[in-house]
Amino acid sequence: MRLQEWTMEEQEQLIHFLTTNTWPYHGNTHPARHLIEKTIEEGGYQSDEVKTFWVENDKQEKVGIVKLYDLRDEIPMFDLRIADLYRGYGYGPAALQLVVDYVFELPAKKIRLEGHTRQDNLAMRKTFERAGFVKEAHLRNAWFSPKENSYYDAVTYGITREDYQGGVTTPVVWEDEKKVEPGIQIPKFPERFESERLIIRAPQVEDALDAWTAVRNSQAALSEWMPWAKETPQLETTEESLRQAVADFITRKDLRLHLFLKENGAFIGSSGLHRIDWSIPKFEIGYWLDTRFEGHGYMTEAVQAITEFAFQELGARRVEIRCDEENVKSRAVAERVGFELEGTLKQDSVSIDGKSLRNTCIYAKIK
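Number 367 marks the last residue of the sequence shown (my numbering); no jumps.
Hints may be right or wrong, so weigh each one.
As the list claims (entries may be wrong) - Cβ-Cβ distance ranges computed for the label pairs, FRET-style: (1) Thr-7 x Thr-170: 33 to 39 Å; (2) Ser-349 x Ala-266: 30 to 36 Å; (3) Glu-42 x Asp-120: 28 to 34 Å; (4) Leu-261 x Asp-120: 24 to 30 Å; (5) Gln-185 x Thr-291: 36 to 42 Å; (6) Gln-312 x Gln-46: 49 to 55 Å; (7) Gln-185 x Asp-79: 43 to 49 Å.
As the list claims (entries may be wrong) - Simulated pairs of lysine-lysine, DSSO-like, Cα-Cα distance not exceeding 30 Å: (8) Lys-367 x Lys-282; (9) Lys-147 x Lys-59; (10) Lys-365 x Lys-253; (11) Lys-329 x Lys-346; (12) Lys-253 x Lys-367; (13) Lys-126 x Lys-253; (14) Lys-346 x Lys-367; (15) Lys-126 x Lys-262; (16) Lys-355 x Lys-329; (17) Lys-355 x Lys-110; (18) Lys-67 x Lys-51; (19) Lys-230 x Lys-126; (20) Lys-147 x Lys-67; (21) Lys-110 x Lys-67; (22) Lys-253 x Lys-329; (23) Lys-253 x Lys-346; (24) Lys-59 x Lys-126; (25) Lys-126 x Lys-110; (26) Lys-329 x Lys-230; (27) Lys-147 x Lys-135; (28) Lys-230 x Lys-355; (29) Lys-109 x Lys-51; (30) Lys-126 x Lys-147; (31) Lys-365 x Lys-262; (32) Lys-62 x Lys-147; (33) Lys-126 x Lys-51; (34) Lys-38 x Lys-147; (35) Lys-135 x Lys-62; (36) Lys-135 x Lys-253; (37) Lys-329 x Lys-262; (38) Lys-126 x Lys-109; (39) Lys-188 x Lys-282; (40) Lys-230 x Lys-188.
Think of the hints as simulated: they come from the structure by calculation, not from any bench.
Glycine residues also receive a C-beta, built at the ideal position from the N, C-alpha and C atoms.
From just these sequences and the hints, can you work out the full model?
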């Protein structure tokens, strides 16, 4: 992919692009020709402050446009649009990464790059995240939709020069105070780490669409062991769950972790460190995998990496895995990673359908 600078000679192509595609999350979902012509005439697409680029794929097809503005400022902004026909193919994150590279390689060093979108535009929010942006603001009733004559919440994402140059993502700490028991010291630790094939990181609300899709794809398998998978999930419920997970991670009450493939950024499942007792410290690892990614050893790899993270970064003295005695896949992961079966609790839980009592296996590693 590449960015190809738009020129005034391509005015008709730009007008055609903007008027023949739909923009449901923009203020003007169907811009009129005369308004676009007026904006072009006034320098709204090309000036000292503004540059517009075509987003071209490897076949040199024009799959989108991006407009950079406030280019004289130290903090420019952008508007990225992908054509209807090309949405869902990963062009958005790739294009935004090209924009980031362009901005931070300008001779006049830019401090940061930022963008805004509607709170419910999950596709764009995922695009921000995959390009290394961090959510920095949530503005209530700040986005007016003329078509619906109603207000939506808006979100702001940004990436700093320091993060770009360091190849890191520094999350915003939303809570100023952490609820920690007196006398207990919680170590500082990274919120993202990697194994051979996986990126393992703290949850973000922007993961909602991926997590929801994975659970829906895997519900038949998950519902046998996971109470929360018994009912068909709703996207809104998934997002609310993630908001709580983010808050719990910040306060160190619970450390949910999301799993992504390095090769393409695909979300493949969730794990984490739960039932935390920082006074020891000890943790319990839980996990589930999107069934589309079974059979490749991903969960074994993830659990191994998370176990090492718990001992090396968090100072763990004990890490547990608890699972139903009949959940052979979960037990196999624990055994492959070298956890010891310490015991089986008889009639310790009720089956998901509520019709029988089940036994719970307790596996552990200690330091």
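Q. Range hint 43 to 49 Å: satisfied by the CB atoms of Gln-185 and Asp-79?
A. holds (46 Å)
Q.
Lys-329 and Lys-346 were given as a pair; does the straight-line alpha-carbon distance stay at or below 30 Å?
A. holds (20 Å)
(Q) Given the hinted pair Lys-135 and Lys-253, is their Cα-Cα distance within 30 Å? (A) holds (21 Å)
Q: Would you mind confirming whether the straight-line C-alpha gap from Lys-126 to Lys-51 stays at or under 30 Å?
A: Holds. Lys-126 to Lys-51 sits at ~24 Å (cutoff 30 Å).
Q.
Hint check: Lys-329 vs Lys-262, CA-CA at most 30 Å. Holds or violated?
A. holds (24 Å)
(Q) Checking one constraint from the list: CA of Lys-109 to CA of Lys-51, max 30 Å. Satisfied? (A) Since the Cα atoms of Lys-109 and Lys-51 sit roughly 17 Å apart, the hinted pair holds (cutoff 30 Å).
Q: Would you check the hint for Lys-126 and Lys-109, treating anything up to 30 Å between C-alpha atoms as holding?
A: Roughly 27 Å between the alpha carbons, so the hint for Lys-126 and Lys-109 holds.
Q.
Hinted pair, alpha-carbon criterion (30 Å max): Lys-67, Lys-51. Please report holds or violated.
A. Status holds; Cα separation ~6 Å.
Q | Agreement of Lys-346 and Lys-367 with the hint, judged by alpha carbon distance not exceeding 30 Å | A | holds (27 Å)
Q. Range hint 24 to 30 Å: satisfied by the CB atoms of Leu-261 and Asp-120?
A. About 26 Å separates the Cβ atoms of Leu-261 and Asp-120, which means 24 to 30 Å holds.
(Q) Does Lys-329 sit within 30 Å of Lys-253, going by the straight-line distance between their CA atoms? (A) OK: Lys-253 and Lys-329 at ~28 Å, within 30 Å.
Q. Within a Cα-Cα threshold of 30 Å, do Lys-135 and Lys-62 meet the stated pairing?
A. Given pair Lys-135, Lys-62 holds - Cα atoms ~29 Å apart, limit 30 Å.
Of the numbered hints stated above, those contradicted by the structure are hints 9, 17 and 40, listed in ascending order.
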